[in-house]
Amino acid sequence: MREGLAIAGAAFAALSCWSLGRRFSLPFPLQFAVGAALLSLAVFLLFSLHVAKLPAFLVLGAVCCLWGYSVKSSLAAVWGRSPDLRGGLQTASAGSDSMSEAAASRPLRDLEIPRQVWRPGPTRPERILELSSTFLLLLLFGYYAWHALAPETQSDALHYHLALGAQAATTGGFPKPISFFTLIPQGTEALFAFAYAIGGESAAKLLHLVFLILTIPLFHRIAQQLNLAPWSTAAASLLYTASPVVAVSATCAYNDAALVLFTLAVFSLLLTNTTNYFAAGLCAGFCYAIKFTGGWVALLALLFTVIRRGTKPALQLAAGAAIVAGPWLLRNVLLTGNPFAPLMNSVFPNAYFHLSSENVLGNYLRTYDVRNLWSIPMELTTRGGVLQGLLGPVWLAAPLALLALRKREGRILLAAAALAAAPWYLNIGTRFLMPALPFLALAWMSTMPRVAAFALAFIHLAVSVPPALVLYVPQTAWVLPSTPRPVEECWDCKLVRLITDNTSPADRILDLAGLPAAAARREIVNYWQSATGERIVHDMQSAATERMMEWNAEFPPRELTAVRARFPATQSLQASLHEAAFRQDGGGMLSASVLWKIESWPNIWEAGLVLDRNLATTWRTWEPLREGMYWQASFERPYRISGARFVGGQSMSPAALQLWGYDGNTWHNLGVPPATRPMPQLNLISQAARMLRNEGFHFVAAQNGDDGMGRLGKRIANDPSDWGLAKVAAWQEITLYRVIGTR
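For the numbering used here, add 3 to where a residue sits in the sequence shown, where the first one is 1.
Just to be clear, a hint being listed does not mean it is correct.
Distance condition first, Cα-Cα at most 30 Å in a straight line; then the derived DSSO-like pairs of lysine-lysine [to be verified]: (1) Lys730 x Lys717; (2) Lys730 x Lys497; (3) Lys56 x Lys497; (4) Lys179 x Lys497; (5) Lys730 x Lys179; (6) Lys56 x Lys179; (7) Lys600 x Lys179; (8) Lys717 x Lys497.
Distance windows between CB atoms, simulated [to be verified]: (9) Thr679 x Trp494: 45 to 51 Å; (10) Pro683 x Glu492: 49 to 55 Å; (11) Asp504 x Gly708: 18 to 24 Å; (12) Gln684 x Gln574: 23 to 29 Å.
Think of the hints as simulated: they come from the structure by calculation, not from any bench.
Think of the CB as a built atom: it goes at the ideal place given N, C-alpha and C, for glycine as much as any other residue.
Model the full assembly from the supplied sequences, consistent with the hints where possible.
What follows is the structure in structure tokens.
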């Protein structure tokens with residue numbers, strides 16, 4: 004029953020995509036791509052209206068299918084120009100309805116690729132090789148489908164790729180918490196939600212596999228457009244499809260195979276003298292909607308069209324791209340003010356993401372903590388642990404593809420491969436090379452004799468199947484197992500069970516253990532994915548370990564309406580303030596008022612924490628100090644002030660403070676820097692517990708360990724009651740605590 008619903012969900016979603024794209028006079032795989040982009044846009048609108056549930060998806064799919072059924076299309080128009088299987092001239096089928104499309108599909112004249120190339124037909128042994136490769140490819144897809152039908156156990160899918168699917172099963176709207184994974188573009192995930200609503204997570208996995216399968220017709224179409232030998236296409240298809248990273252990514256609810264399909268679709272559409280610039284724009288825009296790095300494809304497509312086609316075609320392409328990518332940008336603007344959230348926070352500062360966490364994540368993704376750059380080729384091809392996936396050892400011979408530079412079509416493919424691989428610099432994970440692999444494989448196989456090309460592809464398949472991988476890859480390598488992984492062995496699935504069995508859907512959970520938020524269907528605030536989570540975790544760590552510093556300043560009494568604590572020098576450390584107070588002339592400390600205006604640069608959104616009477620909470624710059632950064636309190640009326648006191652973290656003790664006062668007309672330097680002294684060691688854990696309650700958390704999930712969040716989890720485990728927590732349940736080193744006083 005579960006498998007049947009999964010197949011039905013994936014099939015209905017795929018049929019809806021194709022039906023929606025049939026209005027475009029394009030071959031089938033391109034129709035599917037255009038329809039998928041439009042269907043994803045429609046699903047986005049459903050989520051925006053909070054009606055993205057099963058009935059709405061069924062109606063939407065029915066409308067798409069009726070739309071497609073009303074379009075008359077011959078078989079030739081669906082599949083486009085077909086190759087002459089007997090060899091000889093590669094021409095369009097005369098008399099078919101696709102003649103206009105075939106004429107439009109002529110390669111760019113400036114590329115100087117001949118329209119017709121005579122080649123002798125394959126010999127009997129060569130034909131056997133071609134049929135064998137087709138048969139192996141079908142077996143491979145069947146094997147992948149078996150894996151895709153199994154329940155989802157891959158970490159990223161359970162953490163965020165299936166989040167929209169989970170929302171479709173609950174609220175029907177976008178997730179409410181603003182975090183890293185809720186604001187990245189989710190075009191493919193919107194399609195997953197469509198399939199998920201019918202057939203669950205396995206339907207989403209099967210739909211992703213459909214993207215891989217439809218990549219093969221695009222291989223053949225591009226080869227025809229470039230007049231490549233048919234055997235090179237067959238061998239290249241097997242070389243790409245059998246790669247271990249492609250196998251594992253395409254059989255789970257990720258989005259890498261989808262990005263490859265749409266990258267090839269854009270390339271194919273722009274390779275020809277076609278009037279479908281709008282369709283090319285839809286596919287290019289959807290590349291961005293799939294993931295940030297896909298925006299590079301959209302940018303390249305626009306630049307190519309402007310240079311080679313002119314302004315009008317470029318405007319058509321830009322319009323199509325904006326229709327698909329624009330809603331994701333607009334949503335981010337409305338939620339955070341940053342169209343590219345959760346990235347580019349230095350350009351678009353906002354309350355939801357800290358620049359420091361973006362920089363730390365970016366630095367990690369560019370290196371994966373690989374210290375020896377010379378080890379990267381082996382990591383990519385034979386190990387697969389550090390860079391999360393491998394291509395297979397045969398790809399070590401990929402430099403042979405440089406022989407394709409002798410021909411113009413080879414240079415085109417190698418240039419496309421280099422450009423498609425450019426975003427890999429931003430994330431050197433193996434699967435981020437997938438968009439470049441089809442171009443590289445086609446160029447490589449086009450340089451080889453027919454028998455040698457197939458021999459290489461067959462060897463690659465033999466050493467890349469799971470039984471062979473276990474002979475040479477480490478156990479930590481991210482590869483497809485020989486049989487689908489049981490749910491009972493899935494770490495994240497165990498965590499989901501821990502959360503769902505002990506909490507309710509309305510609970511808010513502070514995550515110090517890396518919980519799979521998409522599968523758990525709870526409001527989970529992770530320790531790095533949002534400004535809120537990062538701030539709270541830092542404050543808890545400071546409460547447990549950091550010693551405070553106190554700054555006291557005395558100056559001649561002045562009538563002031565504002566006091567500013569200014570950092571006068573650029574330094575490599577961050578600044579933080581826990582508390583501030585101002586002394587009145589001849590009296591005690593001035594009581595903070597809700598009428599005061601609190602400002603700071605940077606991070607104005609957390610400036611009010613300095614006056615919340617909780618030493619555990621902190622205002623931080625979240626970036627290294629620059630000259631002129633400040634924290635400021637403006638009063639509702641003038642006060643005669645004679646002193647000020649600030650409490651900050653010990654880590655910023657070398658950072659000098661300057662005090663400035665505003666009398667209503669002019670800023671005045673209030674004199675010498677405040678005197679600094681370390682405060683006695685304080686137990687701020689009880690105040691951290693108050694902070695958790697005030698932030699509305701009901702549970703805390705913590706990992707007990709010796710690194711990262713584990714150290715904080717170990718401190719909590721030593722005395723949960725001191726933190727205002729009570730142990731609820733545990734699984735291995737993960738413990739779930741209830742925040743006392745919230746229920």
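Checklist entry - Would the pair lysine 730 and lysine 497 pass a check requiring their Cα atoms to be no farther apart than 30 Å? => result At roughly 18 Å apart (the allowed maximum being 30 Å), lysine 497 and lysine 730 satisfy the hint.
Checklist entry - Does the Cβ-Cβ separation between aspartate 504 and glycine 708 fall within 18 to 24 Å? => result This hint holds: roughly 23 Å between Cβ atoms.
Checklist entry - Under the criterion that the straight-line Cα-Cα distance not exceed 30 Å, is the pair lysine 56, lysine 179 satisfied? => result With a Cα-Cα distance of about 16 Å, the restraint between lysine 56 and lysine 179 holds, given a limit of 30 Å.
Next on the checklist: Hinted pair, alpha-carbon criterion (30 Å max): lysine 730, lysine 717. Please report holds or violated.
Outcome noted: Holds, at roughly 13 Å.
Item to check | Proposed proximity, lysine 179 with lysine 600 (alpha carbon, max 30 Å) | outcome: holds (29 Å)
Item to check | Holds or violated: lysine 179 to lysine 497, with C-alpha atoms at most 30 Å apart | outcome: Answer holds: lysine 179 to lysine 497 is near 25 Å, not above 30 Å.
Item to check | Restraint check for lysine 730 with lysine 179, where alpha carbons must lie at most 30 Å apart | outcome: Holds. Lysine 730 to lysine 179 sits at ~27 Å (cutoff 30 Å).
Item to check | Agreement of lysine 717 and lysine 497 with the hint, judged by alpha carbon distance not exceeding 30 Å | outcome: Judged against 30 Å, a Cα distance of about 21 Å means the pair holds.
Item to check | Verdict for proline 683, glutamate 492 (Cβ pair) under range 49 to 55 Å | outcome: 50 Å Cβ-Cβ, so the 49 to 55 Å window holds.
Checklist entry - Are threonine 679 and tryptophan 494 spaced within 45 to 51 Å by their CB atoms? => result holds (47 Å)
Checklist entry - Is the Cα-Cα distance between lysine 56 and lysine 497 30 Å or less? => result holds (27 Å)
Checklist entry - For the pair glutamine 684 and glutamine 574, does the Cβ-Cβ distance stay inside 23 to 29 Å? => result holds (25 Å)
Consistency note: the structure conflicts with none of the earlier hints.
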